[in-house]
Every structure is written in C-alpha cells, then in structure tokens.
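Trainee: Going down the list, the protein sequences come from chains A and B.
So the first sequence is residues 1038 to 1244, counted in our numbering.
So the second sequence is residues 1038 to 1244, counted in our numbering.
Bear in mind the hints are in silico, worked out from the structure with no lab data behind them.
Treat each hint with caution, since some may be false.
Identical copies carry no separate label here, and so any pair may be met within one copy or between two of them.
[What the hints assert, rightly or not] Quick list of in silico lysine to aspartate or glutamate cross-link-like pairs, DMTMM-like style, CA-CA up to 25 Å:
hint, residue 1, residue 2
1, K1150, D1211
2, K1039, E1161
3, K1039, D1120
4, K1039, D1155
2 protein chains.
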Amino acid sequence: MKLYDYLDSGNGYKVRLTLAQLGIACDWEERDILRGATRTPEFLARNPNGRIPALELDDGTCLAESNAIIWYLAEGSPLVPDDRLLRAQVLQWMFFEQYSHEPYVATPRFIVKHLPVDSPRRAELPDRLERGRAALAVMERHLTAHRFFVGERYTLADIALYAYTHVADQGGHDLAPYPQLRAWLDRVASQPGYRPLMARPAARAVR
Amino acid sequence: MKLYDYLDSGNGYKVRLTLAQLGIACDWEERDILRGATRTPEFLARNPNGRIPALELDDGTCLAESNAIIWYLAEGSPLVPDDRLLRAQVLQWMFFEQYSHEPYVATPRFIVKHLPVDSPRRAELPDRLERGRAALAVMERHLTAHRFFVGERYTLADIALYAYTHVADQGGHDLAPYPQLRAWLDRVASQPGYRPLMARPAARAVR
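Isolated chain A (complex conformation):
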C-alpha cells in the first residue's frame, strides 16, 4: 500500500497514527497541497476530489477520505468495536468531526499557518472560531462523563477528533476553558504506538 499525504495535514496524520498503532507498513509519498500537487491530472485519476490523504491499495484501487481510510485499516482491530451500536457511535463522532469540527478547528489553522497575513480568507476566522468553540464545548461536555469518546476505551473516534484538536491553538483556539478535553488529549498521547503529527515517515514505510 502507498499513502499519498501532506505532513502537516491532521487528516493525513489520522492515517499515519492508525497505521503506526496497528503496526501496518505502508509506502509514503508527500504531495505539496500548497503547490497544487493534488490537483494534477495524474493525482485526480487517483482521487477525483483532489485531496490527500489517499491510500492506494496493492491492486491499484485508491481510497479517499481520512475517516473511511482508517475505518478500512482498523476494522477487526480493537480500534473499531464489535458491538453494532458502539460502531455506530464511533461513526457518529467521526461524522461530527468532519461536519461540525474540522471546518472550524482545522481550517482556521490552515488559514493562519499557510496563507499570507493579508489573505482575504482571514475574514472567515471570527465565524469559524465561534463554531469551533461550539464543537469543542460539545466534546468537553461529553468528556465530563467519559474517559474516551465511545465505550470507555480508545477507538477511531479518538484518533479522528485528536488530529486537529491537539493543534487547535495554532488556528487561534484557546483550550484553557476545556480541562476535560485537555486531560483526554494527554490520555490519547499516552497510548501505545503514539507518534506526533510532524514525525516524518520514511518514504518506504510509515511503521
């Protein structure tokens, strides 16, 4: 398998973390999203939506969408519960992450970290940060009664939500008002096989 990725991407990091924690080897190729390297005809043939991460399987099939990729990798492992309701709850938090969290936690970080200081997209920040705080408050409320997001143990729901939450400050979010969330970040970072966001994989293997 080969993962097309961008090192600073939290969505890519979800896949790298899952691969590492499951002990799965995978080739790794970085694509510079800031220079359009995911919008070339050659890349669009792999993922017509023009985004990393994309996982190319040995038969050439290419799987897109970070949360679908980690589901593919982790089904049958302890990261995906066997119970039908718990599995749906993992997906619930993963869809929450993509719809109510990522655009308001990850996108501000992208704007602040990668766009020019005078980018017109800075005008989006007040609204995005307000919605981001709403998402962080939903997480804080849940974690007041739970150690992890689903089933009181570490699952893909935690990986999906950790990826951009733990670097939310880089987009202008202040995590001080969320003590339960900060304690959960520490619990995730102490899981076996944890690796940090910016740990560059060898080109030959993520493991």
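Fit chain B to the supplied structure of chain A, relying on the hints for placement.
Mentor: Structure of chain B alone, referenced to chain A:
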C-alpha cells in the same frame, strides 16, 4: 425507536428512506429547527450538538449524525456491502457527502428556502454554489463509469448523496450539465420502497 426529525431536512430524509426501504417501524416526532426546537435543554440532553436527525433507541440511547444512524440501521442488510473494501468505499462517499457536498448543496437550499430574501447569509451563495458544482462534477465523473456509487448496486452511499442532490435546484444549482447524475437520480427513485422527501410519516411509524 423514535426519530426526531424535520420534514424538509435531507439529512432526516436519509433516515426515513432507509427505514422505509428496510421495512423498519419507528415513531416520528418533528422538531421545528427554524424555531430553535433542537436547542432546548431537553433536546440538548438527547443530542448535545443540537441537531436533527437523532434516533432514540428503546433503551434511551440517542444516536446522532444522519450517516451514522443509517449505518446503524442498515448494517447486515444489502444496503451495506459485506466486503471490507466496498464498505470503506460506501463510507468514503458518505464522508464526501458531509464534507464536500452538504455544505455546498444543502446549505444554499436552506438559505434560499428558509431565510429572508435580505438575509446577510445570501452573500455566502456564490462561494457555496461554486464548491457545490465541484462536488456535483466529482459525482458526474464517477457515474460516467458506474450505475451506482459503490459495487454497481444501490447502497447507503446512494441514499446519502441522493438526499440533497435531488433537490439541489431549490438552492440555485442547475443539474442540466450533469446527465449521468440525472440518470442516477432516476435509478434511485425507482428503487423498491422509495418514498419522496416531503412524505410526512405518521407520528406512530415511519414505515
């Protein structure tokens, strides 16, 4: 089970359509999202993210996020493939729907249909419609070579993408440039057990 819903919601419609096609009975209660009926303390205790649809199970557990709800309902049925890769591809399109499609196809419809003509949110329409056209083009390209989104048969991926695509014109999208997509809409609407978006369920049962 009881579904908290809003009749005009495409996200709610995904659940109604799945229930109908699987022949599952379910109580139904409408919440007026335009009057804040999903942001009351009583509703937030069910879904802290304050959104419909939410499915309350017989033990009181409440499941949120439309795509997680239909996954819960349909696992083990023909709407979710048995094969691991096909299952991940269904999820790929469902995450595509929530991240790259819904905000740019459903939200314009909400702005046009439910907000005042002088709402400041109308200023969002040009950008949202442009991104929506990109999502529709990705679908059109895929459907040029496929009858359905995954495995050449009707799955949850089709239900998730159909819900807002078939009413995209109500938000200002023109589907004329997407002939493969329009043919696919017809194929979905001819599936056994199909029901239209605005078919109001009896309060006692969706079936």
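Trainee: Now tell me if each hint is right for this structure.
Mentor: Checked hints:
1. K1150 with D1211: within (16 Å within a copy, 36 Å between copies)
2. K1039 with E1161: neither (35 Å within a copy, 38 Å between copies)
3. K1039 with D1120: Answer is between; shortest inter-copy Cα gap is 21 Å, intra-copy 30 Å.
4. K1039 with D1155: Classified as neither: same-chain Cα gap 37 Å, cross-chain 50 Å, threshold 25 Å.
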